[in-house]
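Q: As given, the protein sequences belong to chains Y and E, one line each in that order.
Using my numbering, the first residue of the first sequence is number 57, and each one after it goes up by one.
Using my numbering, the first residue of the second sequence is number 461, and each one after it goes up by one.
Hints were generated in silico from the structure; no laboratory data involved.
One should not assume that every hint holds.
Derived lysine-lysine pairs resembling DSSO-like cross-links, with alpha carbons at most 30 Å apart [claimed, not checked]:
(1) E/K528 / E/K507
(2) Y/K99 / E/K507
(3) E/K567 / Y/K132
(4) E/K507 / Y/K132
(5) Y/K114 / E/K504
(6) Y/K114 / E/K507
(7) E/K567 / E/K504
(8) Y/K99 / E/K567
(9) E/K504 / E/K528
(10) Y/K99 / E/K515
(11) E/K528 / Y/K114
(12) Y/K108 / Y/K132
(13) Y/K132 / E/K528
(14) E/K567 / E/K507
(15) E/K504 / E/K515
(16) E/K504 / Y/K132
(17) E/K528 / E/K567
(18) Y/K99 / E/K504
(19) E/K528 / E/K515
(20) Y/K114 / Y/K132
(21) E/K567 / E/K515
(22) E/K515 / Y/K114
(23) Y/K99 / E/K528
(24) Y/K114 / Y/K99
(25) E/K507 / Y/K108
(26) E/K528 / Y/K108
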Amino acid sequence: EVHLVESGGGLVQPGGSLRLSCAASGFTFSDFWMNWVRQAPGKGLECVAKIKQDGSQKDYVDSVRGRFTISRDNAKNSVYLQMNSLRAEDTAVYYCARDVPLSGRGGFDFWGPGTMVTVSS
Amino acid sequence: QSALTQPPSASGSPGQSVTISCTGTSSDVGAYNYVSWYQQHPGKAPKLMIYEVNKHPSGIPDRFSGSKSGNTASLTVSGLQAEDEADYYCSSFAGSNNLAVFGGGTKLTVL
């Protein structure tokens, strides 16, 4: 059974940093594109970053490019999101999501339960 | 402001059908057959209901169907059931940033 579990969220001051982790199990992790999707309180969904199976391609939404870095460790079946220079508008639940097989173009078939990131002084 | 446009609400009685629209542009919905639909119940993670316009993930009933015409995609829920009451989000691959973009969501109420 596929499982994704995020960790690393919490309360951080504006300008601070956090590193989110997502541990995957139940599938061949190295075969899939992985994504981070966030949802601000009471708002819609936003895909902020994605990474190719071997880590050779990474894409970011404009609002986080240069501040966030996505990475993965296929030996540990994990994907990460390093978030620097955090702003109040980054406050959201952050979900780890797996792309459908052979895609990389959306269609997130498994999601973790999410981890809350709150940016506030 | 979301990249894709959805109506904020939709409703129907049990057993009826309801269709939710999702309007994008020629750079996303109109350009690619990579439209997905997600169901989200309060406090839960989204659940994939349709991908690549009209494909069903394992375990998703045929009552949920997707289509696309030009820059507009649609999700139809047939034989409405109480448990279908949820928020529904569409998304599409967008070549501009190589990511999926989402609609603002539609709250489906089963009367």
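Q: Hinted pair, alpha-carbon criterion (30 Å max): Y/K114, E/K507. Please report holds or violated.
A: Holds: Y/K114 and E/K507 sit about 24 Å apart, inside 30 Å.
Q: Between Y/K132 and E/K528, is the straight-line Cα distance small enough, at 30 Å or below?
A: 39 Å, violated
Q: Tell me if the straight-line CA distance from E/K567 to E/K515 falls inside 30 Å.
A: Distance ~22 Å between E/K567 and E/K515 Cα, so the pair holds.
Q: Please work out if E/K507 and Y/K132 have their alpha carbons no farther apart than 30 Å.
A: Within the cut-off at roughly 25 Å; holds.
Q: For the pair supplied as a hint, Y/K99 and E/K567, confirm whether the alpha-carbon distance does not exceed 30 Å.
A: 12 Å, holds
Q: Holds or violated: E/K528 with E/K507, Cα cutoff 30 Å?
A: 20 Å, holds
Q: Check whether the Cα positions of E/K504 and E/K528 lie no farther apart than 30 Å.
A: 27 Å, holds
Q: Checking one constraint from the list: CA of Y/K99 to CA of E/K504, max 30 Å. Satisfied?
A: With Cα atoms ~14 Å apart, Y/K99 and E/K504 stay inside 30 Å; holds.
Q: Holds or violated: are the alpha carbons of E/K528 and E/K567 at most 30 Å from each other?
A: OK: E/K528 and E/K567 at ~20 Å, within 30 Å.
Q: With a cut-off of 30 Å on the C-alpha distance, tell me whether E/K567 and Y/K132 pass.
A: 38 Å, violated
Q: Between E/K567 and E/K507, is the straight-line Cα distance small enough, at 30 Å or below?
A: 15 Å, holds
Q: Keeping to a limit of 30 Å between CA atoms, is the pair of Y/K114 and Y/K99 held or broken?
A: Judged against 30 Å, a Cα distance of about 25 Å means the pair holds.
Hint compliance for this structure: hints 3, 13 are not met, and every other hint is.
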